Amino acid sequence: MSHLHIPDGVLPGWLVMAGWILTAVILAFSIYRTRKTELKRKIPLIGIISALMIVCMTIPIVPIAYHINLSVIAGIILGPAVAFISIFIVDLIIAMFGHGGITVIGLNTMVVGTEAFIGFYLFQIFMALIGRDSIMWSSGLAAVIALIISTSILVGIIYASQINPEIIIGIEESNPTEATHDAHVPNELIKGVNVKSFAKTLLILLGIGWLLEGIITAFVIKYVSRVRPDLILPQRV
Amino acid sequence: MKELVKVNNVKFNYPDGTSLFFDGQEFIVNKGERVVILGPNGSGKSTLLSLLLGLLTSSEGDIQVLGVDPSKEYEKVRERIGVLLQNVDLQIIAPRVWDDVAFSPRNYGYKKEEIDKLVDDVITKLEIEHLKDKVPHYMSGGEKAKVGIAGALVTNPELLILDEPFEHIDPTCRKELINLLNDVNKENNTAIILSTHNMNTVPLIADTVYLVAEGGRIVGKGTPKEIFSEIEKLSQCHVEPPILGSLFAELKKRGIDLDVSLTVDEAACAIADEIVSLKNNSGAA
Amino acid sequence: MKELVKVNNVKFNYPDGTSLFFDGQEFIVNKGERVVILGPNGSGKSTLLSLLLGLLTSSEGDIQVLGVDPSKEYEKVRERIGVLLQNVDLQIIAPRVWDDVAFSPRNYGYKKEEIDKLVDDVITKLEIEHLKDKVPHYMSGGEKAKVGIAGALVTNPELLILDEPFEHIDPTCRKELINLLNDVNKENNTAIILSTHNMNTVPLIADTVYLVAEGGRIVGKGTPKEIFSEIEKLSQCHVEPPILGSLFAELKKRGIDLDVSLTVDEAACAIADEIVSLKNNSGAA
Amino acid sequence: MDVAIIDYYANHGNSFLHKAKAFWKIVFVALLITSIILTNEFYLLLGIYFALVTIAVWTKLPVTKIVTIAAYPAIFALIFAFLVWNGSWIRAGVIIFKALSAALTMVLLIVTTSYPEVFNVIRPIMPRIIAEGLFVTYRSVFILLELTDQLIKGLKVRGGITRRKYIANIKNFSSGIGLLLVRGFDISEKFYGVMNIRGYGGRISYERTNSFITLNDGIALVLGILIFTVVIVTVIRKSLLEFSVYILALSIIALVISSIYKQFST
Ligand SMILES: Nc1ncnc2c1ncn2[C@@H]1O[C@H](COP(=O)(O)OP(=O)(O)OP(=O)(O)O)[C@@H](O)[C@H]1O
Ligand SMILES: Nc1ncnc2c1ncn2[C@@H]1O[C@H](COP(=O)(O)OP(=O)(O)OP(=O)(O)O)[C@@H](O)[C@H]1O
Ligand SMILES: [Mg+2]
Ligand SMILES: [Mg+2]
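Residue numbers (our numbering), protein chains in the order written: chain A, 1 to 237; chain B, 1001 to 1285; chain C, 2001 to 2285; chain D, 3001 to 3266.
A hint or two may mislead.
Derived pair list, reagent style DSS-like, types lysine-lysine, alpha-carbon separation capped at 27 Å [said to hold, decoys possible]:
no.: 1; chain 1: B; residue 1: Lys1117; chain 2: B; residue 2: Lys1076
no.: 2; chain 1: C; residue 1: Lys2221; chain 2: C; residue 2: Lys2006
no.: 3; chain 1: D; residue 1: Lys3153; chain 2: B; residue 2: Lys1134
no.: 4; chain 1: C; residue 1: Lys2076; chain 2: C; residue 2: Lys2117
no.: 5; chain 1: B; residue 1: Lys1175; chain 2: B; residue 2: Lys1225
no.: 6; chain 1: B; residue 1: Lys1253; chain 2: B; residue 2: Lys1279
no.: 7; chain 1: D; residue 1: Lys3065; chain 2: B; residue 2: Lys1011
no.: 8; chain 1: B; residue 1: Lys1031; chain 2: B; residue 2: Lys1175
no.: 9; chain 1: D; residue 1: Lys3019; chain 2: B; residue 2: Lys1076
no.: 10; chain 1: C; residue 1: Lys2233; chain 2: B; residue 2: Lys1175
no.: 11; chain 1: B; residue 1: Lys1011; chain 2: D; residue 2: Lys3153
no.: 12; chain 1: C; residue 1: Lys2233; chain 2: C; residue 2: Lys2279
no.: 13; chain 1: B; residue 1: Lys1225; chain 2: B; residue 2: Lys1253
no.: 14; chain 1: B; residue 1: Lys1112; chain 2: A; residue 2: Lys222
no.: 15; chain 1: D; residue 1: Lys3156; chain 2: B; residue 2: Lys1031
no.: 16; chain 1: C; residue 1: Lys2175; chain 2: C; residue 2: Lys2134
no.: 17; chain 1: D; residue 1: Lys3019; chain 2: C; residue 2: Lys2112
no.: 18; chain 1: B; residue 1: Lys1117; chain 2: D; residue 2: Lys3171
no.: 19; chain 1: D; residue 1: Lys3262; chain 2: D; residue 2: Lys3021
no.: 20; chain 1: C; residue 1: Lys2175; chain 2: B; residue 2: Lys1252
no.: 21; chain 1: B; residue 1: Lys1253; chain 2: C; residue 2: Lys2076
no.: 22; chain 1: B; residue 1: Lys1111; chain 2: D; residue 2: Lys3262
no.: 23; chain 1: C; residue 1: Lys2252; chain 2: B; residue 2: Lys1252
no.: 24; chain 1: D; residue 1: Lys3190; chain 2: C; residue 2: Lys2072
no.: 25; chain 1: B; residue 1: Lys1253; chain 2: B; residue 2: Lys1221
no.: 26; chain 1: C; residue 1: Lys2221; chain 2: B; residue 2: Lys1225
no.: 27; chain 1: D; residue 1: Lys3171; chain 2: C; residue 2: Lys2134
no.: 28; chain 1: C; residue 1: Lys2076; chain 2: A; residue 2: Lys36
no.: 29; chain 1: C; residue 1: Lys2221; chain 2: C; residue 2: Lys2252
no.: 30; chain 1: C; residue 1: Lys2031; chain 2: C; residue 2: Lys2253
One-sided excerpt, in silico: chain C residues whose CB lies under 8 Å from chain D [as the list claims (entries may be wrong)]:
no.: 31; residue: Leu2055
no.: 32; residue: Val2077
no.: 33; residue: Arg2078
no.: 34; residue: His2137
Read the hints as simulated data drawn from the structure, not as lab findings. Source: prediction; values computed, not measured. In this text, a Cβ means the ideal position worked out from N, Cα and C, and glycines have one as well.
Using the sequences plus the hints, can you model the full thing?
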C-alpha cells in the first residue's frame, strides 16, 4: 500500500504539480535510456509486467486490506528505467478505473518508481555482498527496505502538504471571516494532521504488508531464478 | 452401485450473461464408472466440471459429489478426487517435477515418509522417473500431461476428473495415457470423468457417454455404441461418430448391414468374417 | 514448380540446452502445396515453424522462405504469409474482431477502402459476420480459431503456416475448417504448412506429409498413403496410421488384401465393392 | 477492479454515453474532476455525486455494480480521513465524497468507452513507448486474468489454498505469481513475435472518422459544463454556497425520477 490512495483534490496543487514534473523528467530520462534498445521489443515486455502488476493489485490479501505491488520484482527484472515506464502505465490504467486519484498519478509513479529503483540496486548490492546463493534474502530484504523508504516518502508527502502556506488560497475565501486571521494555515482539509500519529498508524498498518510483500518477493524471485534464471542475472537497462 | 456424483437440473450464469442449464436428465457417475462428456465448443463441459469441483457455484439445482455439496464442503472430499484441468501449464506449480507431484499430499499434511512413498510409487507407475528432477517449464506437452496426471493420481483418489486430457498429445502418448487410466480404473476401482473432442478415443475409455448440447442441456446418455448410433442427436451436438461408426453407416447405405464395432480389431473381425463367409459360400457353390 | 520454402540441415539450440537438428532430408514446400508435419511431442514441429517465421534464428544450416532468410528479412515477405500459432489467444491483438482481422492490412498501410473490402470478404467467407463486433476474449475456442484464421487469410497470402489448428475444436467446426482451407488452397493456389496430432484429418488436407522424429530429424516424406504404410517409421515418430489405415492393415493380416483408402467414402466403396462382387459371384455360381 | 466486467459494459451498451465520442467524454471527465478538486463544500460534492449516480442510471447498465466498482477508493479515503481526523464529520465527508465522485466519473467514462478509444485520444500527447505500452498492457491484462483464473483453479483443486493455513497459502501463492511471471515472459516473447509477424507497425485500433459533435456528444458536454459552472460560480461567489443544499436536493430528485423511469421502462 505504498500506493497513494489519496483522493483527488485533497493534496495541494503545488505538490501535485511537483509530482507530475518530477515524473515527467524521470520518464523522459528513462525513455532516453531505453532508446538504445529496440522499442518494438520493449513494448511487449513492459506490457506484460505492467499487466502482471495490475492483475496482482486485483487479488486482495484477505485479512488485511493490502494488495501487493510487485514493484521491486519489476525493478529487479526490468531494471529501474524500464520499470519506471512500466509503473507509470500501471498508475495511468488503474486511475482510469477510479482506483486512485487521476491527479496524483505523478506522485504515485514517484513513490512506486522509487521502490523499483531502490529495490533493483539493493538487490544487486546484496547479491554482491552475500553471494549468489542468497537470492531469497537479497530480494526479500531489498523489498522490505524499498517499501520502508517509499512509505517514508509517502509520509513526507503528507507532511509537506501542510507546510506550504500558498495552498490556502482556494479555501480561505470560502470562509472569508475566518480566513482573515487564519491566513497561514495550510489546506483546510489537511490542517492539523498529526504527522507523528499518521506515521505511527501507517507503520503498524503497513508493517505486516511490508513483511508480506518481502516474503512474496523472495519466493517469486527464487521461483523465477530456478525456472528462468536468465531473466534475473543479467544487468538490465 | 454407489453414486459418486449426481447433478440435477443445475443452472449457472456467468457474470457476462452467458447462462447454462444442465437439464434434460440427471448426470450420474457411479463408483468405478468411466464417463465421457461430449458436446460442441462452448456447450458447458468445462463449466460442469468446475461445478463438480466447487470452483463455481450453481444458482439452481442440486449437485452432490461424494455425498457433499462441492460449493460448500469441497475441502472435505478433495483428498479423494484427482483433477487435471484443461490447461496443464498452470497446474504444474512447483519448479521441479518431484515437488510438483508431492504438492497435494504436502498441502493435505501427509507425513514425509508417506509422501515419499506415494510420490515414488506414482512416478514409477507412470514411467517418468527420468523427469523427476526436471523443471516442468521446459517439458513437452506430453510430458507435462503425464506429470499433471501423476499429481492427480498421487493420493489414490476414488474419482478422477479430467478436462480434455488428450489435446496436444501425440497418438502414442495418448494411447499410453488411455491404457494408464484404464489400469488405474481397474486396479483401484477409480471412477473417471473426462471431456474430449477426440471421438476415436471414446470407445477405448468410456463405459458411459453423456451428450451435452449448446446451452448445457444433457440430451443423451448411453454406451458409446448407443450414443454413436443416434445420428441426429450427434449432429445437434457437433459430434461425429468415430471413423469406424461412419464407415459402418456408409456400408449400410450400400446395402451391407453389419454389426457396428467401434474398435479396429472388432471391426476388422466383423468385415473379415463377412467376406470370408461369402468366399466360402461362393467356393462351396 | 516453384519452391516457396526450403530448410536444409538446420540446427537450433534453446538456451536451456535442448538442441534440435533438422537433418535427414530437405524440407521443401512448393507453390500451392499442402504440407502436413507429423511427429512426437517435443520433436520440434513448432520450433521448425518458428524458424520459418523468423521468430527464432538457426545456428547452422540454410533456411529460405519466399526467397529470403526469414531471420534477417522476414519483414520483406510477411505480407505474403498468413500465420496461426499454437496458442490462438496470443494471436488476437486488437480489442474487436473486425479490428483484429484488419490488423495486418492496416499495419501494411493499405488504403481504407481496400481494407474494408478485404476484411468484409474474409469475414463473409468464414461465416463469422455475427462475431464482427465481439470482444475476442469472450469467445469460445472454436470461434477464436476462426477469427485467427480470418486474420491470417485477409491479405490473400501465398503461404499459410498453421500450428495445430484443429486442437480444442469440435469435430463439426474442424470439418468446416478443413473445407475452408482446401477451398482457399484451390482458389488462390495458397500453399499450406500445418502441424497436427490428429491423424484422421491428414488424408483430408495433405498433399505431402513430413515425418519428424525426436530431435528434429526428418525421417520421412511422401503422400499420406505412402507415409502411413511405413509402419516402423511411424511408430518411431509416435504416429499412428489413421483408423482406416489400421483397419486395412488388420484386414490384410486376416488375408483380405484391399487397396488402402484413408477416407470413409473410399474405404466404404472398396469394402462394399469386394463384398458385392463376392455376393454376385456366389449368386452367379 | 473488475476489468473484465468493465470492458464488457463498455462494449455492450447503447446509451447516449456509449454513443458519444471518447474525446468529448474525456472533456466531460476533465470538467468534472476539476470541479471536484475545486470545491470543498460538502453538500455540493454530495450533489455532484448524486448527479453522477443519475448519469449512471442513464447508461442503462447495472447501477449498483457501477457504484460498487467506483466505491473501491472509498476504503482508502476512509483510512485517509481517519488519519487526518480532527473531529469534523463534514471534513471527513468531503474527503470521502471527493474520492467517490472522482472515481465514479472515471468509471462512468470507462464503462461506456472501449479502451482503445480512450487511448487514441490521449495518444498524441504521450511518447510512443507509453502509448503503445498502454495498448499492449491492457490486452495483456486479459491474457493474465485468464491465466490467473486457471492458476487459482489449479491451486484450489490441488489443495494449494486451505483455510487458516496462512503460511502455506502465502508460499503457494508466491509460487503461483512466479509461475504467472514466467509464463508471462513466454507470452510477452510470443506476443512480440506475433505482432511482428502480423505486420505490427504501431496501428492497433481503428480511427473514428467523423469529427462532428453529435447530439450524444453535446449532452455529455452540456452536463459537464453545467456542473463545472455551478462549482465555478460558488468558488467565485462564496455567498452563493448556501444554495448548495438546493442543488443537492435537485440532483436527488433527478436521481429518484430517473430511477423510477428506468424501473417502469424496463
Ligand atoms: N469466465 C467466463 N465468463 C463468461 N463466459 C464464459 C466464461 N467461461 C466460459 N464462458 C462461456 O460459457 C460457455 C460454456 O463454456 P465452457 O468453457 O464450459 O464450454 P466447453 O463445453 O468446455 O467448450 P470447449 O469445448 O470449447 O472447451 C461458453 O459460451 C463460454 O463462452
Ligand atoms: N522456449 C523454450 N525453451 C527451452 N526449450 C524449449 C522451448 N520451447 C521448446 N523447447 C523444447 O524444444 C523441443 C521442441 O519443442 P517444440 O515445441 O518445437 O515441439 P513440438 O514438436 O511442437 O511438440 P508438440 O507436439 O508438443 O507441440 C522440446 O524438447 C521442448 O521441450
Ligand atoms: Mg472446455
Ligand atoms: Mg508444437
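These are the hints, each one checked on the structure:
no.	hint	verdict
1	Lys1117(B) - Lys1076(B)	23 Å, holds
2	Lys2221(C) - Lys2006(C)	14 Å, holds
3	Lys3153(D) - Lys1134(B)	24 Å, holds
4	Lys2076(C) - Lys2117(C)	24 Å, holds
5	Lys1175(B) - Lys1225(B)	20 Å, holds
6	Lys1253(B) - Lys1279(B)	22 Å, holds
7	Lys3065(D) - Lys1011(B)	22 Å, holds
8	Lys1031(B) - Lys1175(B)	24 Å, holds
9	Lys3019(D) - Lys1076(B)	51 Å, violated
10	Lys2233(C) - Lys1175(B)	17 Å, holds
11	Lys1011(B) - Lys3153(D)	20 Å, holds
12	Lys2233(C) - Lys2279(C)	38 Å, violated
13	Lys1225(B) - Lys1253(B)	18 Å, holds
14	Lys1112(B) - Lys222(A)	23 Å, holds
15	Lys3156(D) - Lys1031(B)	24 Å, holds
16	Lys2175(C) - Lys2134(C)	24 Å, holds
17	Lys3019(D) - Lys2112(C)	23 Å, holds
18	Lys1117(B) - Lys3171(D)	24 Å, holds
19	Lys3262(D) - Lys3021(D)	24 Å, holds
20	Lys2175(C) - Lys1252(B)	23 Å, holds
21	Lys1253(B) - Lys2076(C)	53 Å, violated
22	Lys1111(B) - Lys3262(D)	61 Å, violated
23	Lys2252(C) - Lys1252(B)	22 Å, holds
24	Lys3190(D) - Lys2072(C)	18 Å, holds
25	Lys1253(B) - Lys1221(B)	26 Å, holds
26	Lys2221(C) - Lys1225(B)	37 Å, violated
27	Lys3171(D) - Lys2134(C)	39 Å, violated
28	Lys2076(C) - Lys36(A)	24 Å, holds
29	Lys2221(C) - Lys2252(C)	24 Å, holds
30	Lys2031(C) - Lys2253(C)	39 Å, violated
31	Leu2055	4 Å, holds
32	Val2077	11 Å, violated
33	Arg2078	6 Å, holds
34	His2137	5 Å, holds
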